[in-house]
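**Student:** Start from the sequences and build out the full structure, keeping to the hints where you can.
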Amino acid sequence: DDDSLQRVKQFPLTILNSPKGRALQMNAGAQQAKGDWLVFLHADTRLPENWMELIQHCKGEWGRFDVRLSGHHWLFRIIEKAMNLRSRKTSIATGDQVLFFKPAFFQKLGGFPEIPLMEDIAISKLARTFCLASCIPQQVITSSRRWEKNGILRTVALMWFLRLAYWVGTKPDKLHRLYYSS
Numbered sequence: 001d002d003d004s005l006q007r008v009k010q011f012p013l014t015i016l017n018s019p020k021g022r023a024l025q026m027n028a029g030a031q032q033a034k035g036d037w038l039v040f041l042h043a044d045t046r047l048p049e050n051w052m053e054l055i056q057h058c059k060g061e062w063g064r065f066d067v068r069l070s071g072h073h074w075l076f077r078i079i080e081k082a083m084n085l086r087s088r089k090t091s092i093a094t095g096d097q098v099l100f101f102k103p104a105f106f107q108k109l110g111g112f113p114e115i116p117l118m119e120d121i122a123i124s125k126l127a128r129t130f131c132l133a134s135c136i137p138q139q140v141i142t143s144s145r146r147w148e149k150n151g152i153l154r155t156v157a158l159m160w161f162l163r164l165a166y167w168v169g170t171k172p173d174k175l176h177r178l179y180y181s182s
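The numbering of the sequence shown is the working numbering, which starts it at 1 and goes up by one.
Some hints could be false.
Stated by the list, open to error - Listed next, the in silico EDC-like pairs over lysine to aspartate or glutamate satisfying Cα-Cα at most 16 Å (straight line):
#, residue 1, residue 2
1, 20, 114
2, 174, 114
3, 171, 114
4, 149, 44
5, 102, 61
6, 125, 114
7, 20, 173
8, 81, 66
9, 102, 36
10, 89, 66
11, 108, 61
12, 59, 36
13, 125, 61
14, 102, 53
What the hints assert, rightly or not - Between beta-carbon pairs, the in silico distance windows are:
#, residue 1, residue 2, range
15, 114, 163, 15 to 23 Å
16, 167, 7, 34 to 42 Å
17, 75, 163, 13 to 21 Å
18, 48, 4, 21 to 29 Å
19, 159, 128, 18 to 26 Å
20, 177, 34, 35 to 43 Å
Honestly, the hints are just simulated from the structure, not real lab data. Glycine included, each C-beta is placed from N, C-alpha and C at the ideal position.
**Tutor:** Listed below in structure tokens is the structure:
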């Protein structure tokens, strides 16, 4: 409901229409994409200038970047270190870390599972059964707006609660309602 569409029309882009839902939208984009890699970037995340070169040098089938939260609070430095370490150790990545896939591998995975939340976790979980994620140590910078608005510790607790609830089998549509109502 903002003017995003009008703003991007000035650029040489192909604009796609798809139903609501990140997984549906990312899968629609992947079907139309051409190139050596599919890169899934959240609107509130900034890539390093040499992002394309960094991805091109990856040896694996998929990967993600280390993340840095945009805010200046010291707790953000601890949170981002924990996020990056967790992802490095588990090969589970979140969308804030800018997931990327070789197109044939993405197709082999069946694309993002068409669920309203945790699609990034679900595809990572599936992808790691084939191979581990390539971890690019250069950081992408993602917005800390939600953390600042809702409280840092409250947001950490919410994220861990949602992740735990997902792992024990709570339906993603219920998690979606919880996430967006908080």
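**Student:** Now tell me, hint by hint, if it's right for this structure.
**Tutor:** Status of each hint after checking the structure:
A threshold of 16 Å between alpha carbons decides the hint, and for residue 20 with residue 114 the separation of about 11 Å falls inside it, so the pair holds. Under the criterion of a C-alpha separation no larger than 16 Å, the hint pairing residue 174 with residue 114 is consistent with the structure, at around 14 Å. A distance of roughly 12 Å separates the Cα atoms of residue 171 and residue 114; the hinted pair therefore holds under the 16 Å criterion. With a C-alpha separation of about 15 Å, the suggested pair residue 149 and residue 44 falls inside the 16 Å cut-off, and the hint holds.
At most 16 Å may separate the alpha-carbon atoms for a hinted pair to count; residue 102 and residue 61 meet this at roughly 5 Å. With a C-alpha separation of about 15 Å, the suggested pair residue 125 and residue 114 falls inside the 16 Å cut-off, and the hint holds. Distance check on the hinted pair: residue 20 and residue 173 sit about 13 Å apart at the alpha-carbon level, within 16 Å; holds. A hinted pair counts as satisfied when its Cα atoms are at most 16 Å apart, and residue 81 with residue 66 qualifies at roughly 9 Å.
For the hint pairing residue 102 with residue 36, the CA-to-CA distance comes to about 6 Å; that is within 16 Å, so the pair holds. Of the supplied pair hints, the one linking residue 89 and residue 66 holds, its CA atoms being roughly 13 Å apart against a limit of 16 Å. Proximity of residue 108 to residue 61 is assessed by CA-CA distance (about 11 Å); at most 16 Å being required, the pair is judged to hold. Of the supplied pair hints, the one linking residue 59 and residue 36 holds, its CA atoms being roughly 12 Å apart against a limit of 16 Å.
Among the hinted pairs, residue 125 with residue 61 is consistent with the structure: their alpha-carbon atoms are about 14 Å apart, no more than 16 Å. Taken as a hint, the residue 102 and residue 53 pair is honoured in the structure, with Cα atoms around 14 Å apart against an allowance of 16 Å. With their beta carbons about 20 Å apart, residue 114 and residue 163 fall inside the hinted range of 15 to 23 Å. Roughly 38 Å separates the CB atoms of residue 167 and residue 7, a value that falls within the hinted 34 to 42 Å.
Checked against the hint of 13 to 21 Å, the C-beta distance between residue 75 and residue 163 comes to roughly 18 Å, which is consistent with it. About 23 Å separates the C-beta atoms of residue 48 and residue 4, a value consistent with the hinted range of 21 to 29 Å. Against the hinted window of 18 to 26 Å, the Cβ-Cβ separation of residue 159 and residue 128 comes to about 20 Å, which satisfies the hint. Our hint of 35 to 43 Å for residue 177 and residue 34 holds, since their Cβ atoms are close to 36 Å apart.
Going down the numbered hints, you'll see the structure goes against none, and every one checks out.
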